[in-house]
Amino acid sequence: MSKGLSIIVCIKQVPETTEVEIDPETGRLRREEVAAVVNPLDEYAIEEGLRLKERHGGVVKVLTMGPPMAEAALRDAAALGCDELWLATDRVFAGADTLATSYTLALCIGEMGPYDLVICGMKTTDGDTGQVGPELAEHLGIPHICYVNKVLDVSDGAIRLTRMLDDGVETLLAPLPVLITVTKEINQPRLATLRGRLSARKADIRQLTSDDLGGSPGEFGLDGSATRVIKVFTPAPPGGGEVVEGSSDELVERILEKLIECKVI
Amino acid sequence: MDEDRPIQVSKEACIRCGLCAPACPFACITLVDGFPVISEDCSLCHACVEACPEGAIAIREALGEVDLSEYRGVLVFAEHREGRVHPVAYELLGKGRELADELKEPLYAVIVGSGVGRWAEELVARGADRVFVYDNPAVATFRDDPYAALLEDLAREVKPSIFLIGATAIGRSLGPRVAARLETGLTADCTGLEVDPETRLLVQTRPAFGGNIMATIICPDRRPQMSTVRYKVMPEAERDPTRRGEIVERPADLERLPDRVKVLDFQPAEDEVSIVDADIVVSGGKGLGDPDGFKLIAELARALGGAVGASRPTVDEGWIEYRHQVGLSGRTVRPKLYMACGISGSVQHQAGMRTSDVIIAINSDREAPIFGIASLGAVGDLYEVIPRLIEKIKERRKVG
Numbered sequence: 000m001s002k003g004l005s006i007i008v009c010i011k012q013v014p015e016t017t018e019v020e021i022d023p024e025t026g027r028l029r030r031e032e033v034a035a036v037v038n039p040l041d042e043y044a045i046e047e048g049l050r051l052k053e054r055h056g057g058v059v060k061v062l063t064m065g066p067p068m069a070e071a072a073l074r075d076a077a078a079l080g081c082d083e084l085w086l087a088t089d090r091v092f093a094g095a096d097t098l099a100t101s102y103t104l105a106l107c108i109g110e111m112g113p114y115d116l117v118i119c120g121m122k123t124t125d126g127d128t129g130q131v132g133p134e135l136a137e138h139l140g141i142p143h144i145c146y147v148n149k150v151l152d153v154s155d156g157a158i159r160l161t162r163m164l165d166d167g168v169e170t171l172l173a174p175l176p177v178l179i180t181v182t183k184e185i186n187q188p189r190l191a192t193l194r195g196r197l198s199a200r201k202a203d204i205r206q207l208t209s210d211d212l213g214g215s216p217g218e219f220g221l222d223g224s225a226t227r228v229i230k231v232f233t234p235a236p237p238g239g240g241e242v243v244e245g246s247s248d249e250l251v252e253r254i255l256e257k258l259i260e261c262k263v264i
Numbered sequence: 000m001d002e003d004r005p006i007q008v009s010k011e012a013c014i015r016c017g018l019c020a021p022a023c024p025f026a027c028i029t030l031v032d033g034f035p036v037i038s039e040d041c042s043l044c045h046a047c048v049e050a051c052p053e054g055a056i057a058i059r060e061a062l063g064e065v066d067l068s069e070y071r072g073v074l075v076f077a078e079h080r081e082g083r084v085h086p087v088a089y090e091l092l093g094k095g096r097e098l099a100d101e102l103k104e105p106l107y108a109v110i111v112g113s114g115v116g117r118w119a120e121e122l123v124a125r126g127a128d129r130v131f132v133y134d135n136p137a138v139a140t141f142r143d144d145p146y147a148a149l150l151e152d153l154a155r156e157v158k159p160s161i162f163l164i165g166a167t168a169i170g171r172s173l174g175p176r177v178a179a180r181l182e183t184g185l186t187a188d189c190t191g192l193e194v195d196p197e198t199r200l201l202v203q204t205r206p207a208f209g210g211n212i213m214a215t216i217i218c219p220d221r222r223p224q225m226s227t228v229r230y231k232v233m234p235e236a237e238r239d240p241t242r243r244g245e246i247v248e249r250p251a252d253l254e255r256l257p258d259r260v261k262v263l264d265f266q267p268a269e270d271e272v273s274i275v276d277a278d279i280v281v282s283g284g285k286g287l288g289d290p291d292g293f294k295l296i297a298e299l300a301r302a303l304g305g306a307v308g309a310s311r312p313t314v315d316e317g318w319i320e321y322r323h324q325v326g327l328s329g330r331t332v333r334p335k336l337y338m339a340c341g342i343s344g345s346v347q348h349q350a351g352m353r354t355s356d357v358i359i360a361i362n363s364d365r366e367a368p369i370f371g372i373a374s375l376g377a378v379g380d381l382y383e384v385i386p387r388l389i390e391k392i393k394e395r396r397k398v399g
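Residue numbers (numbering that gives the first Met the number 0), protein chains in the order written: chain A, 0 to 264; chain B, 0 to 399.
Treat the hints with care, since some could be wrong.
[As the list claims (entries may be wrong)] What the simulated footprint calls covered on chain A by chain B, stretch by stretch (three residues with Cβ under 8 Å from a Cβ of chain B suffice, anywhere in the stretch; the number is not a length):
1) 77-86
2) 136-143
3) 197-211
[What the hints assert, rightly or not] Partial selection, computed: residues in chain A whose CB lies under 7 Å from chain B:
4) K2
5) G3
6) A34
7) V36
8) R50
9) P133
10) K149
11) V150
12) L151
13) V153
14) T226
15) V228
16) E241
17) C261
By construction, these hints were calculated from the structure, which means they are not laboratory data. Just so we're clear, the structure is a prediction, and the values are computed from it rather than from any experiment. Where a beta carbon is used, it is the ideal one built from N, C-alpha and C, also for glycine.
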């Protein structure tokens, strides 16, 4: 692997939710609080791409699909050290479900040159599906591995890594190219340097529209989506709480009563 | 607004009431003289469509592509792991039976693995009319490639209208792969499934945005309608050993099975019960003050026979391993009892536990958001409350 690794990291811009407040009357996010950020779980994907590049040489290309303002997410990735920024943006991409999104991303990757590895976050904090990674791998015709928590090594055209399942941890060996989705356990993302931020402002952004991708218009965006959201609502808050204050003994007694009431002791 | 955009507001129907703008969870709507202007960031979530009293906002529907009448029946993937059927399969069979009865269509189950034939009768007893068995040492261990190929073949041949998969780590990796191969829709992590009596479509409900929003989703014109379904939300199917069903042995055509990823090793988790499976989860947060606090949490969990959970900040601080993390960027749990100790209860944490049957919170801050969702909130010092609580639980166990 003398030329190093060609790594593609897929990211998404999502509404910031860490500090967001729920309006007690409408039950919705307070709109004035909503800022757009890189999906927090994608930061681990970017970091792993950068670490693999540092270890093996090569290039990290970042891809996102979204409205023109998603450019900001790409610049954040550039500030961390990613080399190429690719923005898939077109009105016909809007309203895509995971099937149409992964189809579009696969066509984009076709325009981005040869690659060894595609890295995605485990899921996004808005849609929360975790489906785009595996669906993208299928469209690309490459294997995928979800929930990777450690990359052990990359050599002889294969990657050895561990991944989390519900009942334990598997060690796997996959040939390149492969797509992986990573958990937040895999690394500790770096912070952007001032110098990185400054150079990111001037970084070149390569735009891809549906005209660049070929493909049939009916397969992008809402028209290419298999699913339809027909209703959105705020869930009823769970069982309205009793809150007790008092001495520790009183608190212990009340908790005990509750434990007995729900038959756990 | 461009006519080719999928979301349209009728200038004639709009009464400039402004209700749509605050309804948008993504803050995409600005009002210009009371008329909504929807930004490019619109994800077509339908919140504004719902909010509009005049029906002035419309989202375009897709055109039909597939002959839907060919598709009948509900297919359930019975995940098999380390010699047992994952209990989520029995939950899917319970819900699947309900859906199939409503549609007056059959309920199918499929199981893949080595030595799994012996489970077929059990799947029948749990409600399946027909069980497809891929029993072969070559597919003993789960791998996405060959499992996806087998399920794709089966779905193309059997043509189920609905295909349900448990939203386990395996299901959430395998499901999208199969859905992409079938070029159909997959709704992730559903917590509610029903049939619309008029359209006969599967109506799927799932949490999004960390559980702050619930979305209802359909797959109108592709088949099968696929869902991954959250574990421990639906009741298990009752076991009826007298039920009769058909068992179909399927050959696993190994020659053409793709098999690119090799499993080199598997280390089972050390905990007796993972937080996802546990009926009782006792979680600790930053209110513990230091990493040693988790010793107390573990002791309480042991006394109650539960598993140990944690909030994100404690994991980020390195107090406890990531696999214990409950919340949006960790695991989602739905135990019978969730005890939150020294956890303030951020939106992200709530996303991972708010559907627990009973929530007990101990926190010294009366204003902590966790009290807003706790069935019982105790305002106090956890280091005073928990040791006494453990003592009392142990006393009670001795007496009992």
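Hint check results:
Judged by the Cβ-Cβ criterion of 8 Å, the stretch 77-86 of chain A is not covered by chain B as claimed, because only 0 of its residues qualify and three are needed. Restraint check on the stretch 136-143 of chain A versus chain B: 5 residues with Cβ-Cβ distances below 8 Å, three needed, restraint holds. Counting residues of the stretch 197-211 of chain A whose CB lies closer than 8 Å to any CB of chain B gives 0, so the stated coverage by that chain is violated, three being the minimum. Interface hint status for A/K2: violated, as the beta-carbon distance to the closest one in chain B is roughly 23 Å, over 7 Å.
A hinted interface residue such as A/G3 counts as satisfied when its beta carbon comes closer than 7 Å to some beta carbon of chain B; here the least separation is about 23 Å, so the hint is violated. Interface restraint check for A/A34: the shortest CB-CB distance to chain B comes to about 10 Å, outside 7 Å, so the restraint is violated. Taking 7 Å as the C-beta cut-off, the interface hint given for A/V36 is violated, the closest approach to chain B being about 13 Å. Contact between A/R50 and chain B, as hinted, is not supported at the beta carbon level, the nearest pair being about 18 Å apart and thus beyond 7 Å.
Look at A/P133: its Cβ gets to within about 4 Å of chain B, closer than 7 Å, so that hint holds up. Because the smallest distance between the Cβ of A/K149 and any Cβ of chain B comes to about 11 Å, over 7 Å, the interface hint for this residue is violated. The restraint placing A/V150 at the interface with chain B is violated, with a minimum CB-CB distance near 14 Å, outside the 7 Å limit. A cut of 7 Å between beta carbons decides the hint on A/L151: the least distance to chain B is about 10 Å, and the hint is violated.
For the restraint placing A/V153 at the interface with chain B, the shortest Cβ-Cβ distance is roughly 15 Å, beyond the 7 Å limit, so the hint is violated. Look at A/T226: its Cβ gets to within about 4 Å of chain B, closer than 7 Å, so that hint holds up. Hint status for A/V228 relative to chain B: holds, with the closest Cβ pair at about 5 Å, below 7 Å. Proximity of A/E241 to chain B holds as hinted, the smallest CB-CB distance being about 6 Å (cut-off 7 Å).
Interface restraint check: A/C261 against chain B, minimum CB-CB distance 5 Å, threshold 7 Å, status holds.
Figure legend: structure checked against the earlier numbered hints; hints not met, in rising order: 1, 3, 4, 5, 6, 7, 8, 10, 11, 12 and 13.
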